[in-house]
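Participant: Okay, here's what each chain looks like letter by letter:
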Amino acid sequence: MEKENVPQDKGNLTKNNLKELLYATDENGDYTTTLSSGWEPKTIALSNSIDDINERIADAKQQVVSGEVSPICYYMEVNKMDLTILASYVGLWKWRVKRHFKPNIFAKLNDKTLQKYADAFEISVQELKNIKTD
Amino acid sequence: MQTNFTHHQSAHCENGVASNLLKNNGLNISEPMVFGIGSGLFFVYLPFIKVNHAPAISYRTLPGQIFNKLASRLNLKIKRQKFSSTTNANKALDENLKNNIPTGLQVGVYHLSYFPDEYRFHFNAHNLVVYGKTETDYLVSDPVMETVTTLTHDELDKVRFAKGAFAPRGQMYYPINIPQTVDLKSAIIKGIKNTCRDMLAPMPIIGVRGIRFVSKQIRKWPVKHGTKKANHYLAQMVRMQEEIGTGGGGFRFIYAAFLQEASVILGNEELKVLSKEMTQIGDSWRDFAVEASRIYKNRSAKEDAYNTIADELLDIANREEIFFKKLKKAIS
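As they're listed, the protein sequences go chains B and X. Counted the way numbering that gives the first Met the number 0 counts, the first sequence spans residues 0 to 133. Counted the way numbering that gives the first Met the number 0 counts, the second sequence spans residues 0 to 331.
These are computed hints drawn from the structure, not numbers from a lab. All of these numbers come straight from a predicted model, not from anything done at the bench. Treat the hints with caution; some may be incorrect.
Covered stretches of chain X (in silico footprint by chain B; criterion: 3 or more residues with CB under 8 Å from a CB of chain B, positions within the stretch not fixed) [as the list claims (entries may be wrong)]: (1) 6 to 19; (2) 127 to 134; (3) 142 to 151; (4) 158 to 164; (5) 227 to 241; (6) 271 to 283.
Beta carbons are placed, not taken as given, at the ideal position from N, Cα and C, and that holds for glycine.
So here's chain B without its partners, still in its complex pose (with noise of 0.2 Å):
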């Protein structure tokens, strides 16, 4: 790639003011490094992915309204976990992570397994136990 026909799109870096650094050829064919604010082509998989994710929240937010799943489903998406990760953080296994997704089993859980998905998610157990619904 040449350093002139590095992309300077209009990206998800650009309102942080935030640049990448490439490496490019100069006008010799020799390497040298030079600041991209964007690529289209990469902004659009990222909110490709953003959407996919925005998706998955609002799939969630509808299972836990009408009872499917409980309330920890619904963080982990906000949270951009998925079950591995969120058994990691909580330190539990995973299958009993996902018994957790059961609203009946959930909603007898004590105080200290609520705490640790609460930790997980950075919120608190009466936000963790209520979701908001619009």
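Use these hints to put chain X onto chain B, whose structure you have.
Facilitator: Coordinates of chain X only, in the frame set by chain B:
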């Protein structure tokens, strides 16, 4: 408390930390040199491991390996420590800062408050240097950032003890012994040989065979998983290839820069020619990303479009196979 440390921005975090720490200790070594000697270039496809709900694809070796290989090839001694408690981890770090040792840390990205929200994923193989401490903050040199930054004590605890795959467990590292003279020539040759071996490995999911395998899979994605999931997989692949830290083109441009530098040090004209070829291959990776983005932008994947980019990928794999065979010959 603040140590003497100069921040240089780099494309990739691990190379950048290695290069910055070594420069700080009087060994002037560039980021591409670190990447090349440490044999960072790689390709692996792990369909059975999911990252962000898509199959894992990596364009680089495992975290920590680049610096470790570099150290052993240049006879540097690096000290690495992991901790089971935050208290001990902080004590060791503070002790280092008191002794004027800027220290490299492996951290999780999710709690890095200075990153834009969109970039905060549960990715635990990020690297940065802590070079000082104030009452409330740690002074941080994150090599992918243009300038130095800070994290509060609490935030640093969180990023050092992030959980999940590759959990850093407070890992810190710093060079403890750097020889007066280093033998760059033999280190470069070892590094190149290692990369050629990796990329030409007789394993279906690694190196050029891995790229070919992905090309074959891509053709099946829209039928097997439906358009939506296939688009998501493709977007994730482009992110791995182009996201911050790769220097563009899935590390191919950094590697080309390394070959150019190596050709001067070794007095090998052939490497300069190969550097140009690698640049062209990197450009093709960029073209692949552009084509792929057209697919997931329109969200109307025709099966045909997937076949087109699969062909492009296959062509890249074939060219890389020839390339690494030539590279192997050029240094033997």
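Participant: Do three or more residues from the region 158 to 164 of chain X put their C-beta atoms closer than 8 Å to C-beta atoms of chain B?
Facilitator: Holds: 3 residues of the region 158 to 164 of chain X have a Cβ under 8 Å from chain B.
Participant: Quick one: see if chain B covers the region 142 to 151 of chain X, three-plus residues with Cβ-Cβ under 8 Å.
Facilitator: holds (count 3)
Participant: Are three or more residues of the region 6 to 19 of chain X within 8 Å, CB to CB, of chain B?
Facilitator: Held - the region 6 to 19 of chain X has 3 residues with a Cβ nearer than 8 Å to chain B, which meets the minimum of three.
Participant: Tell me if chain B covers the region 271 to 283 of chain X under the three-residue, 8 Å CB rule, please?
Facilitator: With 5 residues in contact (Cβ-Cβ under 8 Å with chain B), the coverage given for the region 271 to 283 of chain X holds.
Participant: Verify this for me: three or more residues of the region 227 to 241 of chain X with a beta carbon less than 8 Å from a beta carbon of chain B.
Facilitator: Since 7 is at least three, the answer is holds.
Participant: Mind checking, does the region 127 to 134 of chain X have 3 or more residues with a CB under 8 Å from chain B?
Facilitator: violated (count 0)
The structure fails hint 2 only (numbered hints given earlier).
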